[in-house]
Amino acid sequence: MDKKLKQLENQSLPDLSKMDQHWDDLKRSLYPEASLPKSKANNKIFRWIAVASMVGIVLFVSYKLFLANNDKIISTNNWERKSATSPKTDTLPSIKFLPGKENSTIISKDTITLRTQNEQKAKTTGGKEVELKWMTADDPDKKSRDTLKFEPSKEKTNYPPVPVILKGQTTEGKKIEVIAIPMNDTTNKKQDADKKKALQDFFADLEKESQSFVINNERDTMIKGNEGTELYINANSFYPNKNVTIRLQEFYSYQDIITNKLTTTSGEKLLISGGMLNIMAFSGNKELVSAQKEILIKMPTDKLDDSMQLFLDQTNYSQLSSSIIENPGYDTVGFANPINWVPAGQSQNIQRTLPLIQVLNLLDDHHSVAYDRYTTASYLIANNCPLSNQQVKVELEKRYGRYYGRIKVRRIWGNRKRVFLSSNTEWPIVGDSLFVPFETALKYKLISRKDSLKYVRDLKSEDSLYYARVSKMEKKYNFRITNLGWINCDRFYNDYRPKIEFIVNLGDTASNYYTLLVFEKMKSLMNGYVSGNKVIFSNVPEGESAKIISVSIKDGKPIAAMQPVQLSRKTFEGLKFEETTTSEFKQKAGEMDK
Amino acid sequence: MSQVLPKPTPLTDPHDILIQGCKENDLHSQEQLYRQFYPEMIKICQRYAGDIDGAGIIFNNAMMRVFKSIKKYQHDGKLGAWIKAIVINCALDHIKTTAKIKEASITIITEEIPVDDYIFEKISAKEIQFAIKELPKATATVFNLFVYEGFTHKQIGEALEISEGTSKWHVNEGRRLLKTKLNHFLKTKA
Numbered sequence: 001m002d003k004k005l006k007q008l009e010n011q012s013l014p015d016l017s018k019m020d021q022h023w024d025d026l027k028r029s030l031y032p033e034a035s036l037p038k039s040k041a042n043n044k045i046f047r048w049i050a051v052a053s054m055v056g057i058v059l060f061v062s063y064k065l066f067l068a069n070n071d072k073i074i075s076t077n078n079w080e081r082k083s084a085t086s087p088k089t090d091t092l093p094s095i096k097f098l099p100g101k102e103n104s105t106i107i108s109k110d111t112i113t114l115r116t117q118n119e120q121k122a123k124t125t126g127g128k129e130v131e132l133k134w135m136t137a138d139d140p141d142k143k144s145r146d147t148l149k150f151e152p153s154k155e156k157t158n159y160p161p162v163p164v165i166l167k168g169q170t171t172e173g174k175k176i177e178v179i180a181i182p183m184n185d186t187t188n189k190k191q192d193a194d195k196k197k198a199l200q201d202f203f204a205d206l207e208k209e210s211q212s213f214v215i216n217n218e219r220d221t222m223i224k225g226n227e228g229t230e231l232y233i234n235a236n237s238f239y240p241n242k243n244v245t246i247r248l249q250e251f252y253s254y255q256d257i258i259t260n261k262l263t264t265t266s267g268e269k270l271l272i273s274g275g276m277l278n279i280m281a282f283s284g285n286k287e288l289v290s291a292q293k294e295i296l297i298k299m300p301t302d303k304l305d306d307s308m309q310l311f312l313d314q315t316n317y318s319q320l321s322s323s324i325i326e327n328p329g330y331d332t333v334g335f336a337n338p339i340n341w342v343p344a345g346q347s348q349n350i351q352r353t354l355p356l357i358q359v360l361n362l363l364d365d366h367h368s369v370a371y372d373r374y375t376t377a378s379y380l381i382a383n384n385c386p387l388s389n390q391q392v393k394v395e396l397e398k399r400y401g402r403y404y405g406r407i408k409v410r411r412i413w414g415n416r417k418r419v420f421l422s423s424n425t426e427w428p429i430v431g432d433s434l435f436v437p438f439e440t441a442l443k444y445k446l447i448s449r450k451d452s453l454k455y456v457r458d459l460k461s462e463d464s465l466y467y468a469r470v471s472k473m474e475k476k477y478n479f480r481i482t483n484l485g486w487i488n489c490d491r492f493y494n495d496y497r498p499k500i501e502f503i504v505n506l507g508d509t510a511s512n513y514y515t516l517l518v519f520e521k522m523k524s525l526m527n528g529y530v531s532g533n534k535v536i537f538s539n540v541p542e543g544e545s546a547k548i549i550s551v552s553i554k555d556g557k558p559i560a561a562m563q564p565v566q567l568s569r570k571t572f573e574g575l576k577f578e579e580t581t582t583s584e585f586k587q588k589a590g591e592m593d594k
Numbered sequence: 001m002s003q004v005l006p007k008p009t010p011l012t013d014p015h016d017i018l019i020q021g022c023k024e025n026d027l028h029s030q031e032q033l034y035r036q037f038y039p040e041m042i043k044i045c046q047r048y049a050g051d052i053d054g055a056g057i058i059f060n061n062a063m064m065r066v067f068k069s070i071k072k073y074q075h076d077g078k079l080g081a082w083i084k085a086i087v088i089n090c091a092l093d094h095i096k097t098t099a100k101i102k103e104a105s106i107t108i109i110t111e112e113i114p115v116d117d118y119i120f121e122k123i124s125a126k127e128i129q130f131a132i133k134e135l136p137k138a139t140a141t142v143f144n145l146f147v148y149e150g151f152t153h154k155q156i157g158e159a160l161e162i163s164e165g166t167s168k169w170h171v172n173e174g175r176r177l178l179k180t181k182l183n184h185f186l187k188t189k190a
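Keeping their order, the protein sequence lines are chains A and B.
Each residue of the first sequence is one higher than the one before, counting from 1 in my numbering.
Each residue of the second sequence is one higher than the one before, counting from 1 in my numbering.
Careful: at least some of the hints might be erroneous.
[Said to hold, decoys possible] Taking lysine-lysine and the DSS-like style, the derived pairs with C-alpha atoms no more than 30 angstroms apart in a straight line are:
{"id": "1", "chain 1": "A", "residue 1": "K195", "chain 2": "A", "residue 2": "K576"}
{"id": "2", "chain 1": "B", "residue 1": "K126", "chain 2": "A", "residue 2": "K3"}
{"id": "3", "chain 1": "B", "residue 1": "K72", "chain 2": "A", "residue 2": "K27"}
{"id": "4", "chain 1": "B", "residue 1": "K133", "chain 2": "A", "residue 2": "K3"}
{"id": "5", "chain 1": "B", "residue 1": "K154", "chain 2": "A", "residue 2": "K3"}
{"id": "6", "chain 1": "B", "residue 1": "K71", "chain 2": "B", "residue 2": "K43"}
{"id": "7", "chain 1": "A", "residue 1": "K27", "chain 2": "B", "residue 2": "K96"}
{"id": "8", "chain 1": "A", "residue 1": "K4", "chain 2": "B", "residue 2": "K168"}
{"id": "9", "chain 1": "B", "residue 1": "K43", "chain 2": "A", "residue 2": "K6"}
{"id": "10", "chain 1": "A", "residue 1": "K547", "chain 2": "A", "residue 2": "K499"}
{"id": "11", "chain 1": "A", "residue 1": "K523", "chain 2": "A", "residue 2": "K588"}
{"id": "12", "chain 1": "B", "residue 1": "K84", "chain 2": "A", "residue 2": "K18"}
{"id": "13", "chain 1": "B", "residue 1": "K122", "chain 2": "A", "residue 2": "K18"}
{"id": "14", "chain 1": "B", "residue 1": "K96", "chain 2": "B", "residue 2": "K43"}
{"id": "15", "chain 1": "A", "residue 1": "K293", "chain 2": "B", "residue 2": "K43"}
{"id": "16", "chain 1": "A", "residue 1": "K293", "chain 2": "A", "residue 2": "K224"}
{"id": "17", "chain 1": "B", "residue 1": "K168", "chain 2": "B", "residue 2": "K122"}
{"id": "18", "chain 1": "B", "residue 1": "K122", "chain 2": "A", "residue 2": "K224"}
Simulated from the structure, these hints should not be mistaken for lab results.
Take the sequences, apply the hints, and build the full model.
Right, here's the structure in full:
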């Protein structure tokens, strides 16, 4: 019985769900004053920064209080509160709502400067495109209405599809507050709705079919997808259901990602994808949203990247759908697959089996230094070191010659692991007995590239089978999940180049198009946001090569454009659209995988 | 340039670089060491703590001791065993503070209680751990030490300050209760 229990225990998987939290706790215990150890010099700097910040905050708050008092005076003079349902806020004391908009949700606030009362074009500080309905304090009985156009914001890319209240100022310097509503093309609304419907149908035909597996929940099960994804499901993960159907969709290629309208962005940050999965479980018709035990997922890759981590879909569908219902004219195509990927705090803990190499340890401190006419440093090497004392001396002089007048080398007999405490460390400092990974040896120039290549070659020839097994094992990303749904293996895209807004002018209402920017050098795809005829891709690296893919419906037939482009600040125009079919579009998208 | 010896045999612990970093209080090395041993050790801690949070506390206490005394660690290539010993000691300290294992007048049953092998084919390790957790705390602790940690009754007696006979009784009692629980569990599952 004991043996069986031990066997079972060895097979069980550890619960790693709280590893990060536990490490953070320990880190705080180890370094209670701050999360990280800091030097005294750093502490001094931080203390100064803290003092400066405090002074800054005090000044800022005083200035804001002063401004708020000023506003209150002007508002009281020019405005009167009429609506009982107006939102209560201290900074906006006198809001007037237009009929029918009393219950509008305030998503954000902005400031607008109106140069004239009937101005057609103006800019908010955020620079948004809105239909603006407003009343001036000068003429409260006459309700002036106007439509103002703004360029999209640089700061706030996710412009809400609901009315927002704006705070403004007339040419006379009077404060006004207005409700801003996104522009809708009411004349072509029906036509646009048809186009969107047709476009959705086009993509529905391209949707990737899911693979279904029926598993016995009472047994441990391993599922392997067509593209190499492996799911390890523990027995009773979906207790008390017996037979469970697992549906799996795999998205590893550009073709699949593009045709299923998936993107790789987390907030405004670009991600590089190592593949996406959609995992669902059903017991009969009932969908099971989570498993009671962790499911191990292995995702195949050609080239392992240590920085890949697990991202989950965190889009709030309910919030989105309600905003669409409130604004039926709002672009729904752009939100067809609105996944915002958020990191789940699971990175790859890849333990590489690095071949070790024995090198002459020239990084060690000297054994002793004598200060006489010359500063003489003595180094110790093992007796069986294959190099002569003179050879070692030459190597040491190359590195430390500038510190010492003379370098002496002495051989040590006996235990090669003998520890010398002269350098205040217990690290063995005997010259040639140090084993380090190849990379370390190369980094510190302890070994020539030629030597290391020779060594790798010898090692591989000695143990090629082991090498093959290890490299095969390392060609999979491992994650553990309990909540089912969309998962993505990604890493953040870090680029030193300046980030820009790349604008594509489609020459037509952009909300009727599904437009995508696909990066060629890395598996990264992003949606732009729509403004009139333009699609804006923000926060993209300048000079990066990419492909613009845009699809729409013209005269009832699908049209598509796929054009390579170098990202620049200049607005891109002249996308060439051609009639296409689902199979043709799929085939063209697949060309990016080659 | 240096030459490479023809048949290298590692003389030092493969964790040497990490150990050296920990000796120098390098946070990165400490984190690497922590994460490397977490999966193996948290399983041990979970056996003695009620839940994952309790297990985390035990493991963190153990790692605190590890980082404090790593300067004394001899490079004998058994870092894992050394850390495991500290983890078990911490788990026992935890047990001593939460449960009192009394020396009682008991009847020692020396005969082995048979358990059908088929039980283990239908039950997972987590379910067994759940059943062990439901045992009286003292019995569960002695049972875990004997079965999973491989302690002898003498070692258990010294660690928990009880007699060898008491330790034997707890192990047998643990087996008996566990068997009953597993049989019951299988029946309800079916």
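Each hint, compared with the structure:
Restraint check for A:K195 and A:K576: satisfied, since their Cα atoms lie roughly 19 angstroms apart, inside the 30 angstroms limit. Restraint check for B:K126 and A:K3: the C-alpha separation of about 16 angstroms stays at or below 30 angstroms, so the hint holds. Distance hint between B:K72 and A:K27 is fulfilled; the C-alpha atoms sit about 21 angstroms from each other, no more than 30 angstroms. Note on B:K133 and A:K3: the hinted pairing holds, with a Cα-Cα distance of about 19 angstroms set against a maximum of 30 angstroms.
Proposed proximity of B:K154 and A:K3 is supported: the alpha carbons are some 20 angstroms apart, at most 30 angstroms. A threshold of 30 angstroms between alpha carbons decides the hint, and for B:K71 with B:K43 the separation of about 26 angstroms falls inside it, so the pair holds. Restraint check for A:K27 and B:K96: satisfied, since their Cα atoms lie roughly 26 angstroms apart, inside the 30 angstroms limit. Between A:K4 and B:K168, the direct Cα distance comes to roughly 19 angstroms. Compliance with the 30 angstroms bound is thereby established for this hinted pair.
Distance hint between B:K43 and A:K6 is fulfilled; the C-alpha atoms sit about 12 angstroms from each other, no more than 30 angstroms. For the proposed pair A:K547 and A:K499, the alpha carbon gap of about 17 angstroms is at most 30 angstroms, so the pair holds. Distance check on the hinted pair: A:K523 and A:K588 sit about 16 angstroms apart at the alpha-carbon level, within 30 angstroms; holds. For the given pair, B:K84 sits about 20 angstroms from A:K18 by alpha-carbon distance, which is consistent with the 30 angstroms threshold.
Between B:K122 and A:K18 the CA atoms are separated by roughly 28 angstroms; this keeps the pair inside 30 angstroms, and the hint holds. Proposed proximity of B:K96 and B:K43 is supported: the alpha carbons are some 19 angstroms apart, at most 30 angstroms. Taking the CA atoms of A:K293 and B:K43, the gap is near 15 angstroms; set against the 30 angstroms cutoff, the hint holds. For the suggested pair A:K293 and A:K224, the alpha carbons sit about 19 angstroms apart, so the restraint of at most 30 angstroms is met.
Note on B:K168 and B:K122: the hinted pairing holds, with a Cα-Cα distance of about 28 angstroms set against a maximum of 30 angstroms. At roughly 23 angstroms between alpha-carbon atoms, B:K122 and A:K224 fall within 30 angstroms of each other, so this suggested pair holds.
Hint compliance for this structure: no hint is broken.
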